[in-house]
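Top line first, the protein sequences correspond to chains B and C. Here numbering that gives the first Met the number 0 is used: position 32 in the first sequence is 31, and no number is missing along the way. Here numbering that gives the first Met the number 0 is used: position 241 in the second sequence is 240, and no number is missing along the way.
Rather than coming from a laboratory, the hints here were simulated on the basis of the structure. Please read all numbers here as calculations on a predicted model, not as lab measurements. We treat Cβ as the ideally placed atom computed from N, Cα and C, and that holds for glycine. Please note that the accuracy of each hint is not assured.
Said to hold, decoys possible - Derived CB-CB ranges, DEER-like:
(1) Y4/B to V165/C: 31 to 41 Å
(2) Q180/C to G55/B: 13 to 23 Å
(3) R373/C to Y4/B: 48 to 58 Å
(4) L166/C to G55/B: 27 to 37 Å
(5) N261/C to Y4/B: 35 to 45 Å
(6) D330/C to F7/B: 54 to 64 Å
(7) Y4/B to G398/C: 47 to 57 Å
(8) W60/B to L54/C: 12 to 22 Å
(9) G55/B to V173/C: 21 to 31 Å
(10) Q56/B to V200/C: 26 to 36 Å
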Amino acid sequence: MTAIYLLFILMLSVFVGFELIRKVPATLHTPLMSGANAISGITVIGALALAGGEYGQWSTWLGAIAVFLATVNVVGGYLVTDRMLAMFKKK
Amino acid sequence: MLDSILDTSLLINFVYVISATLFIFGLKLLSHPSTARKGNLLSALAMLIAIVVTLLDKQIISFELILVSILAGSAVGVYAAKKIEMTSMPELVSLFNGIGGLASLAVAWATIAGGVNLSTFVLFVSFLALLIGAITFSGSVVAWAKLSERMIGRPVVFKGQAVVNVLLIVAIVVSAILLIQQPEVTTWHYLVIGLALLMGVMFVLPIGGADMPVVISLLNSYSGLAACAAGFALENNLLIVAGSLVGASGIILTNIMCKAMNRSLVSVLTSGFQPVVTSEMVIEGEVKPLSADDAFYVLEAAQSVLVIPGYGMAVAQAQHAMKELQGLLEDNGAEVAYAIHPVAGRMPGHMNVLLAEADVSYEQLFEMDEINSRIEGFDVAIVIGANDVVNPAAREMKGSPIYGMPVINADLAKNVFVLKRGMAAGFAGVDNPLFFKPNCRMIFGDAKETLNNIIRQFSD
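In isolation and in its complexed conformation, chain B is listed as follows:
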């Protein structure tokens, strides 16, 4: 049953995603992509439990690597997106 419930969430958020992203103007497509990079760093919250829990040494190390990589994505992604968006000015 959990699988079905998760699929429901997937289905609904894909639709929300399509509706939202369709409205992003072409001029912001590069910041959109780097912002999406940052959002895909959400894996970090899954990685935290693995890095700090008791799942065996190998899992802990893999979890820590995942925390590191996802944090690069989150911090780098949001900062570079902000840097770009700050340059978009009106006349």
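Using the hints, position chain C against chain B.
Below, chain C alone, put in the same frame as chain B:
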């Protein structure tokens, strides 16, 4: 004890709902340049509260490793974000796609390696996360190498490649079955990951440099889907929501890029395998060069000027000179507009960022359709380092490889100046009849120098 675990778990999931809402609002604000920055901040806030609340998880017993990883990751992230040149954004996004894929791979691997009595469903979705994560990683590394010219940009094909790909897919299916049946055998972990990494390389190798905007968008989508699959493995709602938002975003961009090149996704992905199309068409007319001095006299008299930039502008770093010229033209009473083709540059929206960096207002940047409807009214169209996106063959020459691709109709402006190094064909390898039109003049040389020459004439 059990009560308190339930309480924190409830709190964590409640905050995840808030976080998901903020992600959605953040993306909503991205619908206009004036609110986009706020949207990005909102999205970052969503991420921050999600991370903080996750640390309350009772399963987390040791924080040292987490702290070190977060600090190291932040340092690398800050360094990359501050150091990167805007010209190299496609490379950075490519690398970030790859890092995202690798992170999901590691999460899925840790889930399989650390779990006991995992259900077939969890094993299957973990396999998917491993697969997509590995493909995203190795594919992005190849894309990055192609973009940064560390390897040749043209399609890499060899005899029997299609057969190898089919065998690879069969091998991945077999290894998936082995992994799901015997998750405790580590050999299968390595086998799946190795094969998937190889798959990613094989997927990007046959794709040429001109199609890189499509590849980056697609890999962007994959990095989200990998997070999504990891979310299924961990039964984590927020991972699924955020991952699918990214997945949807990448798919929409991929679709826009394909439409702008008048090609299907399948034809892009198999481009290296298709025979090179050569056009038998003979282009009538001759190429007429023009000096920067003469260009100045025409520009001085012009009432309206349209600038059409391409990747060549980024290579020549000519955007700042163009902005300076824009100022002079406007002081002279002319209207200046920029026309941006969706696939100009090496990733979606790349030109817009470069022009924004040079302080060009986003209100002066127009999309192809908008400008095509009024292009006849422009006195001068200046094409800087663009080729295929202004090629009238797409409109006029049935049988041309780019026939049917939507282009900016630069040839319909009263005068066309093409700033170009030489007569080389564009990425698509197609001759451009625009250069032979009676209203077109070629200004050969480095675009930045040419523009600076014209600027000097204005100040004299």
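Quick rundown of the hints versus the structure:
1. Y4/B to V165/C: 31 to 41 Å: holds, 36 Å
2. Q180/C to G55/B: 13 to 23 Å: holds, 21 Å
3. R373/C to Y4/B: 48 to 58 Å: holds, 52 Å
4. L166/C to G55/B: 27 to 37 Å: holds, 34 Å
5. N261/C to Y4/B: 35 to 45 Å: holds, 41 Å
6. D330/C to F7/B: 54 to 64 Å: holds, 59 Å
7. Y4/B to G398/C: 47 to 57 Å: Because 54 Å falls inside the window, the suggested range holds.
8. W60/B to L54/C: 12 to 22 Å: holds, 19 Å
9. G55/B to V173/C: 21 to 31 Å: holds, 27 Å
10. Q56/B to V200/C: 26 to 36 Å: holds, 30 Å
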